[in-house]
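Novice: Given next are the chains, with one letter for each unit.
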Amino acid sequence: GNSVTQMEGPVTLSEEAFLTINCTYTATGYPSLFWYVQYPGEGLQLLLKATKADDKGSNKGFEATYRKETTSFHLEKGSVQVSDSAVYFCALMKTSYDKVIFGPGTSLSVIP
Amino acid sequence: KAGVTQTPRYLIKTRGQQVTLSCSPISGHRSVSWYQQTPGQGLQFLFEYFSETQRNKGNFPGRFSGRQFSNSRSEMNVSTLELGDSALYLCASSLDRRETQYFGPGTRLLVL
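Line by line, the protein sequences give chains W and L. Each residue of the first sequence is one higher than the one before, counting from 1 in this note's numbering. Each residue of the second sequence is one higher than the one before, counting from 1001 in this note's numbering.
Hints are computed from structural coordinates only; laboratory data are not their basis. The model shown is predicted, which means the values in this text are computed figures rather than measured ones. For each residue, glycine too, the CB sits at the ideal point set by N, CA and C. All the pointers check out, no bait thrown in.
Restricting the straight-line Cα-Cα distance to at most 27 Å, the calculated cross-link-like pairs of lysine-lysine (DSSO-like) are:
(1) W:Lys52 - L:Lys1057
(2) L:Lys1057 - W:Lys99
(3) W:Lys60 - W:Lys94
(4) W:Lys94 - W:Lys68
(5) W:Lys49 - L:Lys1057
Which chain W residues face chain L? A few, computed with CB under 7 Å, are given here:
(6) Glu42
(7) Gly43
(8) Leu44
(9) Leu46
(10) Lys99
(11) Phe102
(12) Pro104
Each pair of labels, with its calculated beta carbon distance range:
(13) L:Ser1070 - W:Ser3: 29 to 39 Å
(14) L:Pro1039 - W:Lys68: 30 to 40 Å
(15) L:Ser1070 - W:Gly61: 40 to 50 Å
(16) W:Pro112 - L:Leu1110: 28 to 38 Å
(17) W:Ile111 - L:Asn1077: 37 to 47 Å
With the hints as constraints, model all of the structure from the sequences given.
Specialist: Here it is in structure tokens:
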């Protein structure tokens, strides 16, 4: 079945460090891919998305490229801030009639 | 525009009781989805409603049910509560399935 795998956390980085959170998926065809972020005590917010191969989603300095050949959608940011501390979820939606499938989430802590 | 609202925000119940959670979507959004979030299982899809009809359902027992009203507001009900039902219940709304989902802050349910 369809699934999403994320790197295990927690991840701890110093401010201004480079961030990569790996995400790979299993699904046939061309699912839509998403990154959501959950700040402490809040619901999820859509961070970025990509709907076809080679698309690059970007928002607030975060980027992710839809790689069909490696079935990956890794999240990157060049310089993290303390305010980026949150849990990040990779997700996919196979078709418009399917549910959204979330990965287990990766907790990120950025220390000053 | 007001975001997705969920009530109540916190709830404590005992085993065997039932509970009803409410979700008010963003104005104009017709699709409402419900998710259960736990540390062990992560985010799991419960069901999705569109124009008062359930369009998709996750793998949860029949104790979990929901409905949607003509104004798109949605409720979910859990009967005969079990300890394992303790979780954060998130509601998300969107214009339609393929559109971006906007999440509410969640209802945290504790079953004693």
